[in-house]
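Colleague: Start from chain W and add chains F, Z and V according to the hints.
4 protein chains.
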Amino acid sequence: MNKVELREQLTALHQELPRNGLVTWTSGNISARDGDAMLIKPSGVTFEDLTPESMVRTDLHARRLEGTLSASSDAATHAYIYRHLPHVGGIVHTHSPYATAWAANAREIPCVLTAMADEFGGPIPCGGFALIGGEEIGAEVVRVLKGHRSPAIILKNHGVFTIGPSPRAALKAAVMCEDVARTVFLAHQLGNVQPLAQEHIDSLYDRYTNVYGQR
Amino acid sequence: MNKVELREQLTALHQELPRNGLVTWTSGNISARDGDAMLIKPSGVTFEDLTPESMVRTDLHARRLEGTLSASSDAATHAYIYRHLPHVGGIVHTHSPYATAWAANAREIPCVLTAMADEFGGPIPCGGFALIGGEEIGAEVVRVLKGHRSPAIILKNHGVFTIGPSPRAALKAAVMCEDVARTVFLAHQLGNVQPLAQEHIDSLYDRYTNVYGQR
Amino acid sequence: MNKVELREQLTALHQELPRNGLVTWTSGNISARDGDAMLIKPSGVTFEDLTPESMVRTDLHARRLEGTLSASSDAATHAYIYRHLPHVGGIVHTHSPYATAWAANAREIPCVLTAMADEFGGPIPCGGFALIGGEEIGAEVVRVLKGHRSPAIILKNHGVFTIGPSPRAALKAAVMCEDVARTVFLAHQLGNVQPLAQEHIDSLYDRYTNVYGQR
Amino acid sequence: MNKVELREQLTALHQELPRNGLVTWTSGNISARDGDAMLIKPSGVTFEDLTPESMVRTDLHARRLEGTLSASSDAATHAYIYRHLPHVGGIVHTHSPYATAWAANAREIPCVLTAMADEFGGPIPCGGFALIGGEEIGAEVVRVLKGHRSPAIILKNHGVFTIGPSPRAALKAAVMCEDVARTVFLAHQLGNVQPLAQEHIDSLYDRYTNVYGQR
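Going down the list, the sequences are from chains W, F, Z and V.
Quick note: the first sequence uses UniProt numbering, first residue 1, plus one each step.
Quick note: the second sequence uses UniProt numbering, first residue 1, plus one each step.
Quick note: the third sequence uses UniProt numbering, first residue 1, plus one each step.
Quick note: the fourth sequence uses UniProt numbering, first residue 1, plus one each step.
Hint data in this document are derived by calculation from the structure and do not stem from the laboratory.
As the structure is a prediction and not an experimental result, all values here were calculated from the model.
From the three backbone atoms N, C-alpha and C, an ideal C-beta is built for every residue, glycine too.
No false leads were slipped in.
To be clear about the criterion: a stretch of chain F counts as covered by chain Z if any three or more of its residues have a C-beta under 8 Å from a C-beta of chain Z, and this derived list gives those stretches:
(1) 112-119
(2) 172-178
(3) 202-211
Just chain W, with the same shape it has in the complex (with noise of 0.2 Å):
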């Protein structure tokens, strides 16, 4: 994909958020890797504004180096994770809501569906409280997520940020989030969840990972 293609393909993304309810106004942003830089969301532009010259090109200390738009406020987070997460190419930031209930709660949203067993391969973890403004915030979805099989973490009292190897393997991680945030919820108000065995988990996950979709 050349760089022109990449534009397109972000800006195109960014139309997801509001399209799947997981954004508000101008909350919520995508960014993608690009080469030694990446490219993400201009700050407090909504997303029907948004053109592929409008996203920012920054190194990977969220400097800017083109365009005449302030990057996203959360660039710095998302510099900080491809800084130390190499294999990821692209990552969503939203607010979603099930998914930030959970976070406003600091607690993780337990693995009770098949569906969240193949996509995430256990519970989404909720990491702890970080200011935005420096790289606490990446430092604190680095720290859980390296190594562990969810692509996506719940920050608590802020919201979700979700890895992939693309930008689009993180929207459809933030996508399915919320998805699973939300009958999680449901299923909770109804009482009684029952849980799915860890070797169920496994097991499901493992064939999703390896089996599902076109070879």
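Modeller: Here is chains F, Z and V on its own, set in the frame of chain W:
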């Protein structure tokens, strides 16, 4: 309906799954019996990318007969159901959120709405846990639904299967299943759900089956 | 409004039912008084397939006068209401989820919102259980709504009927009924709903009825 | 912005109310300060029927200056706010469901999300009950919001008012208010919401106010 029309119809019916909020990303699928074989969604393809040609034709042991894509990973379940329930012409599988919340509680959806008595003739039963991969899920669906009034079953910690004489009828059951799962969930939250008398359920089911709609 | 316009309006109003999330699949219907007769949705037809010509004209005992399709299975209820409440020009019936959740608890929706005092003048009453098929449902609607401020009633384990001087007014009541049913449901979940004083309800209802809107 | 543009903008902003799920039928309205006067939605007109010409111009005692339609029945409230809060350039009023659910409990929305600290600088306060018709509601809004960080207030048993330097800023506050009202509601249902430390709230609010977005 000829072969081309069946593929077109199956593709169009798949669009109803996201439209009715029953699926997320690539999850969920519909199949149609096609003589001694069946047509089913390809695995891991998004709903907007489906075309009539992309539908996979398999025999009733889920072995591909036509097409270049892999069939849905649920194909073995669909095939098992067609083999064991000869009146079934279409099957729908989803992880629709409210129905799946009941399933995560391993709890049947109680019949407390006249619309539910009409369509399901009683509670929507909950089957036991079964792993994907072989015929376990299909066997559980057939064990529970054979001779049952309900065209829908929820499976513990998993999701929904619905059956019907046609794919469209199975789709209707999937849409109505989520609808009543939601309303009964909400009713349950209010804390004092009133039962429907069995004689009223029987009377409503009989009337809906024999009088409703166009003759 | 001539006969053609009435059929067109009734068809257009039906599209508002799915648009406002009040119906699923073919459930729900609207009727309009038409002189000594009424026009009503045909039974079991999806909303997108409705045409002005498909609307069924019946007398006020629900016997078909014009059209080739069968009238809604709720036609006898609508007809009964028109016969007994001469000021009613339009009727809407839905199973909208939040209102029906209250109905499954056989519990009136308490008037705890100024918008509800405006529109309904107090709680939305809940009628007793009645079986479809004869005049039982219509009789229960008339018994409760005759002389009542509320243009909406919920029926135990069933759903909603709303009335109005026109089909559009009845539709507005159906939309607002679901809206307040949802907000009061949510308020109830927070655990400490505050009552509205009867004098405030009376004052709001009086003002809304006599001052609101264009003269 | 000239007079025509202001009318066009106000009309366009009104379309965001149903699009963001904040209003039902004709409820809800937006106004814009226009010199010594204000422009506001006409009373009882549906959002799709609004045109730039239909917006009503009144003085800051809600007396009509231009237009043939009656102004919103909330005009006196808007006018009062403009008179008493000179920095306010736009006002939004809704009965959005989650925020109104908190209002029906006479309960402020606690600040337990970083996004809420950003936008509101603390809890969203709940004002006392006030009847429509005179200046009571406006007086309550001004009493609570004057000098308050939050641009949003919920009013007991009623709904939401938001203010901003422009109508668009007030709209953003209304959208974000419902968003956080929903997430905090969901968090509350899980039963163990974690507080945000006041120092973190202060730090987040300061950063968002001074660093976020484009300079």
